[in-house]
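Colleague: The chain contents come next:
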Amino acid sequence: GAVVSQHPSRVICKSGTSVKIECRSLDFQATTMFWYRQFPKQSLMLMATSNEGSKATYEQGVEKDKFLINHASLTLSTLTVTSAHPEDSSFYICSAASSGESDTQYFGPGTRLTVL
Amino acid sequence: SQQGEEDPQALSIQEGENATMNCSYKTSINNLQWYRQNSGRGLVHLILIRSNEREKHSGRLRVTLDTSKKSSSLLITASRAADTASYFCATDPSSWGKLQFGAGTQVVVTP
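These protein sequences, in sequence, are chains A and B. Quick note: the first sequence uses the numbering used here, first residue 836, plus one each step. Quick note: the second sequence uses the numbering used here, first residue 34, plus one each step.
Just so you know, these hints were derived from the structure itself, not from any lab. Incorrect hints may appear among the rest.
Derived lysine-lysine pairs resembling DSS-like cross-links, with alpha carbons at most 27 Å apart [stated by the list, open to error]:
#, chain 1, residue 1, chain 2, residue 2
1, A, 901, B, 103
2, A, 890, B, 131
3, A, 901, A, 890
4, A, 901, B, 102
5, A, 901, A, 849
6, A, 901, B, 89
7, B, 89, B, 102
8, A, 890, A, 855
9, B, 103, B, 89
10, A, 876, A, 849
11, B, 102, B, 131
12, B, 131, A, 899
13, A, 855, A, 901
14, A, 855, B, 131
15, A, 899, A, 855
16, B, 59, A, 876
17, B, 59, B, 103
18, B, 59, B, 102
19, A, 890, A, 876
20, B, 131, B, 59
Quantities reported herein were computed from a predicted structural model and do not represent experimental measurements.
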């Protein structure tokens, strides 16, 4: 099946710094990538949708200046958490979908962000 | 907002037993999907059932869908310790791939 990777898998940073998370589709071209956030023992919440070559669309309540998303190629999307604070500590998961299979999303393994 | 609600929140069973979990949703859907998540890991797609389907099987998994009740169930037969995970249902009311996940059912299978 299709493989999606995320890097890093785990990151610890100081409050006020910015952190970049990469999401790559390894064996297919992802026209659309999605970013989710998951707090401990909770469900996934969609943060934003990114389409290659265009601006991301953010869900209600998600600050676009706080969570910068770039989808510069068909295999890479990045999420940058700017000026991170402890409340941004969470598990961030991306998923990718190709144009021919809109019903199917392939999820990355997730990135655990801890802000001290 | 969370589209799906799941019950039970947690389920503890012994190997060999069946595990059943339910999901309810609020708006009309084109399909409903079930995912598994092992602790601290990403999601694994299990099965997709379309709105015109009532039942679907995949190995030891059986999924039902009742669009009149806006509910779905996932049955895992002959459970194994490796089935220990959280299970989520997800719908896409927008049909744009924007999945809305249920709260999840945490399943623990003891040997």
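Colleague: Take the hints in turn and mark each one as holding or not.
Modeller: Against the structure, the hints:
Taken as a hint, the residue 901 of chain A and residue 103 of chain B pair is broken in the structure, with Cα atoms around 36 Å apart against an allowance of 27 Å. Note on residue 890 of chain A and residue 131 of chain B: the hinted pairing holds, with a Cα-Cα distance of about 16 Å set against a maximum of 27 Å. With a C-alpha separation of about 15 Å, the suggested pairing of residue 901 of chain A with residue 890 of chain A holds against the 27 Å cut-off. At roughly 39 Å between alpha-carbon atoms, residue 901 of chain A and residue 102 of chain B are farther apart than 27 Å, so this suggested pair is violated.
Using a Cα cut-off of 27 Å, the hinted pair residue 901 of chain A and residue 849 of chain A holds, with the two alpha carbons roughly 16 Å apart. Our distance criterion of 27 Å between C-alpha atoms is broken by residue 901 of chain A and residue 89 of chain B, whose separation comes to about 41 Å. The straight-line distance between the Cα atoms of residue 89 of chain B and residue 102 of chain B is roughly 17 Å, inside the 27 Å bound, and the hint therefore holds. As the CA atoms of residue 890 of chain A and residue 855 of chain A are separated by approximately 17 Å, the hinted pair is consistent with the 27 Å bound.
Restraint check for residue 103 of chain B and residue 89 of chain B: the C-alpha separation of about 16 Å stays at or below 27 Å, so the hint holds. For the hint linking residue 876 of chain A to residue 849 of chain A, the alpha-carbon distance of about 24 Å falls within 27 Å, and the restraint holds. A threshold of 27 Å between alpha carbons decides the hint, and for residue 102 of chain B with residue 131 of chain B the separation of about 22 Å falls inside it, so the pair holds. Simply put, residue 131 of chain B and residue 899 of chain A have alpha-carbon atoms about 17 Å apart, close enough for the 27 Å limit, and the pair holds.
Of the supplied pair hints, the one linking residue 855 of chain A and residue 901 of chain A holds, its CA atoms being roughly 12 Å apart against a limit of 27 Å. Annotation: proposed proximity of residue 855 of chain A to residue 131 of chain B holds, straight-line Cα distance about 23 Å (limit 27 Å). With a C-alpha separation of about 14 Å, the suggested pairing of residue 899 of chain A with residue 855 of chain A holds against the 27 Å cut-off. Distance check on the hinted pair: residue 59 of chain B and residue 876 of chain A sit about 22 Å apart at the alpha-carbon level, within 27 Å; holds.
A threshold of 27 Å between alpha carbons decides the hint, and for residue 59 of chain B with residue 103 of chain B the separation of about 7 Å falls inside it, so the pair holds. Restraint check for residue 59 of chain B and residue 102 of chain B: satisfied, since their Cα atoms lie roughly 10 Å apart, inside the 27 Å limit. Taking the CA atoms of residue 890 of chain A and residue 876 of chain A, the gap is near 31 Å; set against the 27 Å cutoff, the hint is violated. At most 27 Å may separate the alpha-carbon atoms for a hinted pair to count; residue 131 of chain B and residue 59 of chain B meet this at roughly 15 Å.
The structure shown violates the earlier hints numbered 1, 4, 6 and 19.
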